[in-house]
Amino acid sequence: MGSVYLLTLRQLFGRWRLVIMTVLAAMPVLVAALTLRSTSAPTVREFEAIVFSGMLAGSIAPLVVLAIATAAFANEIEDKTLANLTLSPIARWRIVVPKLLAAITIAGPFMAVSALVTSHLAFLGDVRATVAVTVSILVGVALYSSAFVWLGLVTTQAIGFGLLYIVLWEGFFSGFVSGVRMLSIRHYAIAWMHGLDQRRFAAGEHLSLGAVIVTSTIVFGGFLLLAIRRLRRMDVP
Amino acid sequence: MTRHQTPVIRVDGVSRWFGSVVAVSDVTFEIRPGITGLLGPNGAGKTTLLRMMTGLAAVSHGTVTVFGEPARDNPPLYRRIGVMSEHETVYGFMRGREFVRMMGRLRGVADLDAAVDKAIGLVDLADAQHRPMGTYSRGMRQRMRLAATLVHDPEILILDEPLNGADPRQRVHFQRLLRQLAEEGRTIVLSSHILEEVEQVADTVLLIINGKLAASGGFRAIRAALNERPYHVRVICDEPRRLAAAVVTLGSVDAVNVDPDGAIVVLSRNVRDLQIELPRLAQAASISLRRVEPLDDSLESVFGYLVER
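So the protein sequences, as listed, match chains A and B.
Following this note's numbering, the residues of the first sequence are numbered contiguously, the last one being 237.
Following this note's numbering, the residues of the second sequence are numbered contiguously, the last one being 309.
It cannot be assumed that every hint is accurate.
[Said to hold, decoys possible] Calculated Cβ distances over 12 angstroms to all of chain B for the following chain A residues:
1) R37
2) V131
3) G179
[Stated by the list, open to error] Ranges of calculated distance between the beta carbons of each label pair, as one might list FRET restraints:
4) T6/B x P109/A: 52 to 58 angstroms
5) G262/B x E78/A: 55 to 61 angstroms
6) D117/B x V154/A: 38 to 44 angstroms
7) L168/A x W17/B: 33 to 39 angstroms
Calculated directly from the structure, the hints in this document are not laboratory data.
Predicted model only: the values in this text are computed from it and were never measured.
Every residue, glycine too, gets a C-beta built ideally from N, C-alpha and C.
Only chain A is shown next, with the shape it has when bound in the complex (with noise of 0.2 angstroms):
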């Protein structure tokens, strides 16, 4: 698993995905910074709903995601290096867990500093409101993660797919449809918020803590069993 996972690493390091990521996972932390300055400061629940929800866990987190954890097959299955790991006699979880693990490796630190700075700056250090944010934001990652890396072992059209779904599910649906909520990955991250710290995050029309672990759990799991079968079954070029 050690080869699959440094080989990931060394492939998905590349300059154009980590200027992208600086820039994105910077985003909040500008808003955050120029928002709290401002003589009409939002509430909590203002800021929540726009730089926590909206862009960090919404927008930015499922597009950081998306750029890294799609290519971690995609760009093999592109320039036909798959085979070199396919041909090996190992199981084909083992192929694909220690490639989810990378994404995550890659994009978990960009996002956990993102979130972390702009919860630090919105809560004035407020440690457990700061440490439920950046804990929110790494479940989030790894659950856009373990999506993404199934799709982009689907299609070869995953940034395009994983647009639409972000644009669409995340951004449009779950906002207005209350059902959708329980199926999208934004909501499961704010729910976690809520969960780790009720005293400060108002509860809402979120999922239990409880809840909110056990679907977070299906959805990594169902995600990564995905792949694995895909990549059981898929034609390898």
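Using the hints, position chain B against chain A.
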């Protein structure tokens, strides 16, 4: 001897289609130890067939077994198989030795450093092993990929167009290496659209045309099976016009042409008789024969003939 009689790879009634396009149609053959050449023009279905034999692609119909086990969805089988695909892309950021080492580790090689040294030595790339593969020439990349294919000492080698980008010296080295590996008892399947490559090393030839197995067997056996086809024989002698006039009367000869350079090209459906009659005729007419050579006794002509059929 027994091992040579036991098929290592069995392809039984295999077809593969992509939508309405039939890439491989009802192909059946067996491959035994030694070097088998898979020959056919580009787009004939060779790569699809090889991909099914290695388990990279599923069959639409039929079965492929390797050592009696299904080739598809059977990762443990790759301990015994080395596959070099036609795609030449490498990890450009990785050094050659690193690449071979990684492939060895993935294949569970025990004494990794010794195996890597041996594999890189076999392809004669020890001097370049510490350079990033992105700096390699096309031929060097192919050789390092071959080293990665050999690092776990596989019993079966499946090589798809392995000589792409190789210069003549590398080709000779590669052919020598293949023969050496075959003599050690390995089963080698070599695919190529360059007929000379296959002809020079393969013991057995499988001709794939339009997704079907057009012919199989030894090169000469295939040639003999085509004996209804006229052969061209080039004859160089000191009196070409007189010999041409005499040769045309032979029963084994269908036509005779005299080239502008003075060589006679004889068209015959019965080369065996011609081989006997021609020297006798020349001797009787006191004509000195300098050279008699088949013009089309190569895989290329057989291949061309089959494609035209």
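Verification of the supplied hints:
no. : hint                                : verdict
1   : R37                                 : 43 angstroms, holds
2   : V131                                : 37 angstroms, holds
3   : G179                                : 37 angstroms, holds
4   : T6/B x P109/A: 52 to 58 angstroms   : 55 angstroms, holds
5   : G262/B x E78/A: 55 to 61 angstroms  : 57 angstroms, holds
6   : D117/B x V154/A: 38 to 44 angstroms : 41 angstroms, holds
7   : L168/A x W17/B: 33 to 39 angstroms  : 35 angstroms, holds
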